[in-house]
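All chains, full assembly: derive it from the sequences and hints.
Using UniProt numbering, the letters of the sequence shown map in sequence onto residues 1 to 1240.
Some hints here could point you the wrong way.
[What the hints assert, rightly or not] In silico BS3-like cross-links for lysine-lysine, where the CA-CA straight-line distance does not exceed 25 angstroms: (1) LYS176 - LYS215; (2) LYS955 - LYS905; (3) LYS61 - LYS143.
[Stated by the list, open to error] Derived Cβ-Cβ restraints for the label pairs, each shown as a range: (4) ALA704 - GLY125: 22 to 32 angstroms; (5) SER1188 - ASN705: 28 to 38 angstroms; (6) ASN592 - HIS51: 32 to 42 angstroms; (7) GLU394 - GLY1110: 48 to 58 angstroms; (8) CYS123 - LEU1192: 19 to 29 angstroms; (9) GLN946 - SER679: 50 to 60 angstroms.
It is worth saying that the hints were derived from the structure and are not from the lab. Think of the CB as a built atom: it goes at the ideal place given N, C-alpha and C, for glycine as much as any other residue.
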Amino acid sequence: MNANLPVGLLTQPLIPSPMTNWILPARIRHKNNNDVVFVGERGIQIKEALHSGHLEDVVEKTDFDGLPLGAKVINVNTRLPWETQLSPSSPQDSTHNFEDLPPQILFMATDANELHFMYWSYCSGQFVSYCRPLPRDVNVSEKFGTHIAVDPKSRAVAVSASRNFFAVLWLDHPTKIQRQMAHGGLDPIIKEKFLQVDGDILFMEFLYPKALDDKRTLLLLIVHRDEATSAMVFEWDETSIQSNFNPKTTTTQFPPQDYLPTMVVPLAKESSYLLITTKSMAMYTPDSSSRPMRYPPIIPDTGAHPIGLWTRWARPSRNWLYSQKYDAIILCREDGWIYYLEFGNDGELETQTSLGQLHCDVDTAFDVLDMGFEGGDFILAAGSQGDGGLFVQEARDHPRCVQRFVNWAPVTDAVAVPSGNQGVSGLDSTHDRLFVCSTSASGNGAITELRHGVEARIGVSISIDELPAVHDMWAMPYGEMSQMFLLVSDPMSSMILQTTSDLANGIEALPNENCWGDEETLAVGCTPRGDIIQVTKRGIYVFGPYESRLYQFVSHGPESVVTAATVDGSSLIVTMAIRSNEGNFLQVVRLNTDLTANEIFHHDQPHRLEKEAISMFYQSWGSVGLIFLGTSDGTVLSFEVYDSPDALKRLADTHVVVEAGEDVSKAISSIAVIRAMSSNGLHGRLFCGLRSGILVSFEMELHANGLRGLKQGTPKRLGQTSITLQAQEEIALFTCGDDFWRVSFSPGLVNPDYALSRVFITDQNRPAFCPANISTFSLVNTNDQYSGVTCASLFCWANGELLVCSLDAEDKPIPRRIDIPGNPNKLTYSEHLRSLIVSYTVAQTSHKSPLNVVRKSFIEFVDPDTQIPVAPVDEQMVAEGLAPWRPSSSPGEKVTCLFDWMPQKDGNAYHLVAIGTSIPTPHNPTDRTGRVLLLQASRDPNNPSQITCVDKHMKLCARPVTAMAAYADTLIAASGKSFLTLASKNSQVGWVRTIGARLPSPAVSLSVHKNLIYVTTARNSLLVCKVEAGDISVIDSHSVALDGLSHSFVTSLEGRPNRAFVSSRGGTVQVFSDDLPVNAPGDRSTVRFPVSILRLVQGCKSPSSLAARGTMYGFAINGAIYRLVSLTADEWTLLEALVLLCMSDKRMCPSLARRNRFAIAASNLQDNHHIDGGILARLLTFDADVLSEMLLNCTRGENEKVQPVVAETVQQAAAKLLGLTDDYPRAVFSWLWDMLRVEI
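As structure tokens, this is what we get:
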């Protein structure tokens, strides 16, 4: 076998689905952490509520082997109103201190038939979980996990299937559970009871007890059977619980108006519950279920819009005194209307108030967060369509959104756009830009660019009239309460601003009364007491900004020019590179600790330099200070500075080495050092930013007394302009052209041993915001005065504004949304126009008949870098020539496909945009026709930012046009089950009048390679047609009938087979090679995703560590994005062995590590020729030492599920791919990290 031929497939989740199914306030880390758990499509994420009223990302867990079906919170030591009243009295455990333990645990069910109980442990730095497998001897409709419930006293949990079966699991006493947690474990279940009912289980809830001494446990099931709905209440007393007896059961049939409830709310009074339907609301109690108390339906003032369903409810936190008298409930409707209900002790409704509308779709997640906010509630809401958010609900006011939860699902189409620098050869910064279009329940969808990197959220943006162009800036913290100074400078002047990290008091400029602000600043620093040390071209200023007092000024001298300088305020050291008539010198200036003394400067003896320094960096390493100078010829000059005066030691010079023969500048425009701790001690890395856009790293070889030397790593060319670096302890930020980057040190990696991430500046009020040019920036760390957590604040000057941002610590998906005045359904990219082309649908109504909705489709051209929403079509402005014409459809006509077409004829290229539509027949709505429209579009020569278009051709079709592709100078379209061709009169192909090929079902995707047409149809997987003698005929088809969704054809290098990636409903993606017939028997790479892949799009950026060139992106309807990459035989061998090791390790695959599941997963690995990169990514959350441990255990035979030969396979495959190395586990870990890192 040729080792370079593709034999398998690697898939990796790049962007998780943004959909949130549950939002739960849950203190599962510590009682002092006000956490919120977001339960998504594939995992959970913990966010912490800060005192500023925002949620901050903390940690996530995605190693579940199934999809979450439900989630609840179990109180094990929470002191909240109801739990305080109801918690049984128990003796305190004097042998353990539970104060530092989380007071709650998370309870979750997954579709892998498992129940998970978990919390976060600060001691181990990870989640501690307990997994309880559930019975599997039920069919799909009877699978456990559809409903879950938690007893108010935290004595039991319940789980049910959608019909017939449910179970009650009794929990240990909270004190015993916390004792388990104190030892780092969790095993909460003591007894189980599996029961059966006859019918569909609609709802399941535990009811509250009537009184404090009520020892009963009441479980309510709403069951539908034979067109009737009943309430079944199962009651256990203490005797039946201890003896595991069957419960007492009470069944009450509901009246017909309550047969199909939309919501059941257990009330805290009288063991009652509220049953809500589309037309009524009734309160039932177990003792009087036949006589419910009915209330009129709640109908908010929504005008002529249809009334939605009440879908979610939450119980806000109230003080103990209030809870003695009332039970408060907030109801939420699917369109965002919220209503407040207040029940008295007798269970009667006493107050009902409309709170207003959240203006978002709420059909999945809704809860109320206790923020200790006086006079209001914090409401958390999310839905399956459109954004969610955190809302402040103050008394007698409408809810106000303070934080958005961006949701780009459901996705209707997607496209990959090459980055703007892909035309430049040799760049390491090229990447694919991924755009999706999505619909919203509000009727206003969006185009969303999905990016991955570090988010810098704007808190404040300010225009400073006195400084129209800022050249440099420095942010300096001082004192307590997160105070900081910001000095901004342009070539003529400087200004000092004062603020705090939370911007509570805004930003104000300090007065300049001592002339320090009349010139450009070269370097600045702040002493611990808040005094400023400023270096300018004239000299050094030392002054107290609050006192407006200049302590001292010293001039450089008339013949001296400072070429580079730096100030270390904490050690009171100023270092300067000076050019004078006598040559170049390094000058170290030490300041007296008493800045009010008469003489505060001590100039060390100048050190002569052979070369002029243009950049400088100083950093204190304990008793030694290190100075690094960068020169214009690419030399790094290194010095050690000691505490005693005139103690300066020069070290060996280091020369920057770039690829031989490159005609690039080696001038070092900036230098920075980052350092980090590992198990082997303190590490440091020095980075040089060259004027030519190359980043060069050096390993700092340290010894006990200082620096031994610098060892260069592999240079990275990130752009064509100068790199500006700034370091802050463990990270550094730098700009290169329009790109903003963060570099962080990773001790577990080799060559390179650092990670690069893009920094994206976002603005919640401007979702499409993306600054075009960042002229300067400054980064500072401050401690939050409430939590003590270190926060990074970023100040930058971009687009003529000062932006004050909070910088995240971890990489994550960062969406950028371009709002559309309708719901988009099709999207493509025109390389000729350098523009996105989108079709969207607008629902239009008339004043005479507001319920008669007419939908029309529009076409718009959207700049990928636009920072403003797309404006709706104004027909009046178009008629007056003030806006360009845009094509629109007839009422009911829908755009079904878009195609950017560049036909060539006689050596000339033409550009056209092809549009396929579906048109309803007037007298038969189920019967539809179609048409093809050809547009000619171009950029307006008088206004290049605007695109104009004209209608060139239109062809009517008997059936809807569902897919299009180009063959030579002909457009081939699929209409119904037939093909049609559009070509000029003198076409290169002499087409027959009627194409002979007939498709088994309508096509959804077409692609052409040479004279073959690959077709995916709605009811079939893949067909291959051939163009011959002006006709099209079907020559091959897949034997298995699958509902096709999309396919993408990949042309491989010479000598390798071409491949077609085909997606089908249900999440299956198969890879077909053109060297074998489509219907040929045998194994092929097959992936089964948890969700259907709506669109397969080919990208140009692939992992540099793999032999394959080009990447396939899979876009799911729920917003998730997957990457698919082909593997060679050697790559497959190594990754297969690594996946087997990971699946057998409980730390990475807690469920798959069980013997029976491991055997099935290992067998599927071989049968499907598929490597799950999501499992490999779990290994990267650890370090190379963990991989070494896994390999050593396997070699010793201590891994019962994996044979020792697997470890030998890893070593042999690593030697083939990576070469021989002494520490091959670390080399494999670095190779894996480079392969799985996300670059979009």
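Taking the hints in turn, this is what the structure says about them:
1. LYS176 - LYS215: 19 angstroms, holds
2. LYS955 - LYS905: Roughly 21 angstroms between the alpha carbons, so the hint for LYS955 and LYS905 holds.
3. LYS61 - LYS143: 24 angstroms, holds
4. ALA704 - GLY125: 22 to 32 angstroms: 30 angstroms, holds
5. SER1188 - ASN705: 28 to 38 angstroms: This hint holds: roughly 31 angstroms between Cβ atoms.
6. ASN592 - HIS51: 32 to 42 angstroms: Between ASN592 and HIS51, where Cβ atoms are some 40 angstroms apart, the hint holds.
7. GLU394 - GLY1110: 48 to 58 angstroms: The hinted range 48 to 58 angstroms holds for GLU394 and GLY1110, with Cβ atoms some 54 angstroms apart.
8. CYS123 - LEU1192: 19 to 29 angstroms: 25 angstroms, holds
9. GLN946 - SER679: 50 to 60 angstroms: 59 angstroms, holds
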